[in-house]
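Those protein sequence lines, which keep their order, are chains A and B. Per full-length UniProt numbering, the very first residue in the first sequence carries number 1; after that it's consecutive. Per full-length UniProt numbering, the very first residue in the second sequence carries number 1; after that it's consecutive.
One thing to keep in mind: the hints can contain errors.
Unchecked claim - Covered stretches of chain A (chain B as the covering partner; in silico rule of three or more C-beta atoms under 8 angstroms from a C-beta of chain B):
id, region
1, 66–74
2, 88–99
3, 138–146
As the list claims (entries may be wrong) - On the chain A side, residues computed to face chain B include the following (Cβ under 10 angstroms):
id, residue
4, 104
5, 107
6, 113
7, 126
8, 129
9, 131
10, 149
11, 151
12, 152
13, 153
14, 154
15, 155
These aren't lab readings, by the way, just hints derived from the structure by calculation. C-beta: ideal position from N, C-alpha, C; glycine also.
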Amino acid sequence: MRRLVLSTASLALILGATACASKPKPSDNSASQVSDNGNANTGPVRESDIETPNRVIDSGPAAGSLEDFRVNVGDRVYFNLDQYRLDADDQAVLQRQAAWLQNYPNVRILVAGNADERGTREYNLALGERRASVVRDYLVNLGVSQSRIDTVSYGKERPIAAESNEAAWAMNRNAFTQIMGGPSS
Amino acid sequence: MMKSIAAYLFAALVAVIPAATAQVTVNISEGTLKPTPIAIPVFEAEGADRQLATDITSVIQNDLLSTGLFEITPQSAFIQRDLSINTQPRFADWKIIQTDALVVGEVDRVTIEGVEFIRASVRLWDVYGEEVMRLEGQAGRRFTAKPEDWRRIAHKIADTIYARLTGEDPYFDSRIVYVAETGPKDDRTKRLAIMDSDGANVKYLTSGTFTVLTPRFSPSNQQITYMSFENNRPRVYLFDIQSGRQEVLGNFQNMTFAPRFSRDGQSVLLTQAVNGNSDIYLRDLVTQSTRRLTDHPAIDTSPSMSPDGRQIVFNSDRGGSPQLYIMNTDGSPLTCPSGGRDTACRITFGSGRYSTPVWSPRGDLIAFTKQSRGRFSIGVIGTDGEGERVLTESYLDEGPEWSPNGRVITFFRERAPGAGPQLWSVDLTGRNLRQIPTPTQGSDPAWSPLLN
Chain A
1 MRRLVLSTAS LALILGATAC ASKPKPSDNS ASQVSDNGNA NTGPVRESDI ETPNRVIDSG
61 PAAGSLEDFR VNVGDRVYFN LDQYRLDADD QAVLQRQAAW LQNYPNVRIL VAGNADERGT
121 REYNLALGER RASVVRDYLV NLGVSQSRID TVSYGKERPI AAESNEAAWA MNRNAFTQIM
181 GGPSS
Chain B
1 MMKSIAAYLF AALVAVIPAA TAQVTVNISE GTLKPTPIAI PVFEAEGADR QLATDITSVI
61 QNDLLSTGLF EITPQSAFIQ RDLSINTQPR FADWKIIQTD ALVVGEVDRV TIEGVEFIRA
121 SVRLWDVYGE EVMRLEGQAG RRFTAKPEDW RRIAHKIADT IYARLTGEDP YFDSRIVYVA
181 ETGPKDDRTK RLAIMDSDGA NVKYLTSGTF TVLTPRFSPS NQQITYMSFE NNRPRVYLFD
241 IQSGRQEVLG NFQNMTFAPR FSRDGQSVLL TQAVNGNSDI YLRDLVTQST RRLTDHPAID
301 TSPSMSPDGR QIVFNSDRGG SPQLYIMNTD GSPLTCPSGG RDTACRITFG SGRYSTPVWS
361 PRGDLIAFTK QSRGRFSIGV IGTDGEGERV LTESYLDEGP EWSPNGRVIT FFRERAPGAG
421 PQLWSVDLTG RNLRQIPTPT QGSDPAWSPL LN
C-alpha cells in the first residue's frame, strides 16, 4: 500500500509502534455518513435531495450548508508522516469537494495545510504549504477554478487534536478545506 | 524603549593602586569545572541608596552565578566588614575564606545639568595575587545611568567582571525576544515579548490577535524580524523597536517565513513558498531588491548566514529527510567536505533529522535541532560537518539561538508531552542547563546583540 512507503530514516525516527504512521481511518471521517443516501460514490448531496421533507430529516444537514460540506462531503484529508501525497481515500474526499464546489459556484475556499508537533516550526510551515498546495492542485485538475482557492500553511501551530500521541499526530497532519463565503444555508 | 548611547556616561576611576599581572583566571572550556569562588559584598551606599545598592549587587551576583562558572562566597563567611572602594582589602581575611576574587563597589548619585543619575563604581581584586585586576585598562570602572536603568548598570558591571576573568566577550547586558504563549494547545495565543537577558522587564510587543513566530534581532539592536499570520496572510515582518512600527517585508505574493538578518544588518534571509515549494531568498533592505538563492523542488528553509557573509547554512529535505546544507551566498559552487564540488554541501550525516541551523557569531560552529528516536536535541557541529556534539535532549528541544559572545545557546523545551514550552539555556560545553523564568510559557527565544 502506497501509504506505507516511508523512508527507513523516517520509520526509524519517530515510529515506535506499527500503527504510528497511519492516518485516521476513513471510518473516523463522518463523510461516510453520506452512504445513507446512496450518494457516496456519485458526488455531493444534490438540491433535489431536499425536495421531499422526510428526506431532509433523514439526510441531515441541508444541502449547500457548511454542515453539509463538513458532514456529507468531508472537509479534511489526512497525510502520513512527512508525506504530502493523496491516496485513494483522500482523492475520494477531494472528488466530492470538487463536485460540491461545482454545484455552488459562488463559494470560495481556503485550503489550510497542517503538520503534527513532531517537527520544527519552520520546516512544518513548509510541509503544511506542500499539503495545502497538492489539495489545491487536485481540485483545480477536477475543474475548480484556481481563482476560488486560497491556500495557507499553519505548520504545527493549529492542531485539532490537543493530545500528544500517535493518534493525535495523525489527526493533525491534514489539509483542511474551509468555506470562505457564498454558501447557501 | 532603546536608550541612546548618550544616556550613558562611562568614566573610568582614577587609578590609585598600581596594577600588576593578575593571576586569577576562569577556564571556560573545561568539560568539568570547579566554579571559581568570588565574593561580591553589597556595594557601599548612603541612606536611601542602600536598597538600590543591594538590588544592583544582587543582579550582579545572579548574572555571574547563572554562568555556572562562579560560586558566590556567602556574606556570612566574610571576615573583613569595613571594605571601601578606595582602600586595599585585607587579603588575608579573604584568603582564609577561600575566595579567589573580590568585587568591591559603591553606589551614589550625581546631578548633571539638572538631571539626576545613579553611578556605580567597581573594583576587582585578585585575592591570592594581592593586586587589583585592571578592567579595560583601568584600575576600576564607573557606570552612570538614569535611575530607571539601574539593572543595566548591574549587567554592565557583571559583564566587565565576566570578561576580565574569563577572557571572553560579555553578554549579560543584552535582551531576549521570544514568543509568549497562553491558552489551550488547540487555541493558542502567541505574542511577541522582549525581556532582559536574565528574564527581567518583560514587555509585550504585539497584542496576540495574530499568531507570531520566530522573532530575530537585527545586529543594530533596533529591529526585529519575525513571521506573523496577520489577516491570514503569513508573511515576514519588520518591527522597529523604537517606534513600535510593524511592516510587511517586501511585496512577496506568497507565504514568507523563517526570517533572519544577515550579519551586517543590510539584508534579511527568508523562505518563500511558491505553489507549495519552499526556497530561500535574500531581501536587501537598502536597495529593496530580492534575490532568489535556492531553486530546488525540495523544501529549502531556515537559512542562517556566516559572520563573514560569504556562506549560508540551511535546512533541506532534498536528500530524503531534513538535513543541513551549506552554500555560497553568491551561488557559486563550493568544495564539499566529501571532496566534490556542488552548489550546496550536506554537512550532517548522523542518524536522525537535522533542522533550524544557526551559525555561531564566532563562525566556527553551527547550532541545530536534531530529531532522533522520537526525542529532540540541541547540538552543535563544525562548519565542515565534523565534531557533532549533542548538548541537550527532551520530548521537544527546538530553535537554538546564540548569545552575543557565542558561549551560550538559548532554545525552547517542552519537557514532556503536553507540558508546554519554556525557555532554556545551555552552555556551549553542554554544562549549566537552566530554565529562563518567564511569566507565561514561551518559545522561539532569540538573543539581541550586546547593548551599547
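Hints that the structure is at odds with (numbers, increasing): Result: hints 1, 2, 3, 4, 5 and 10 break, sorted rising.
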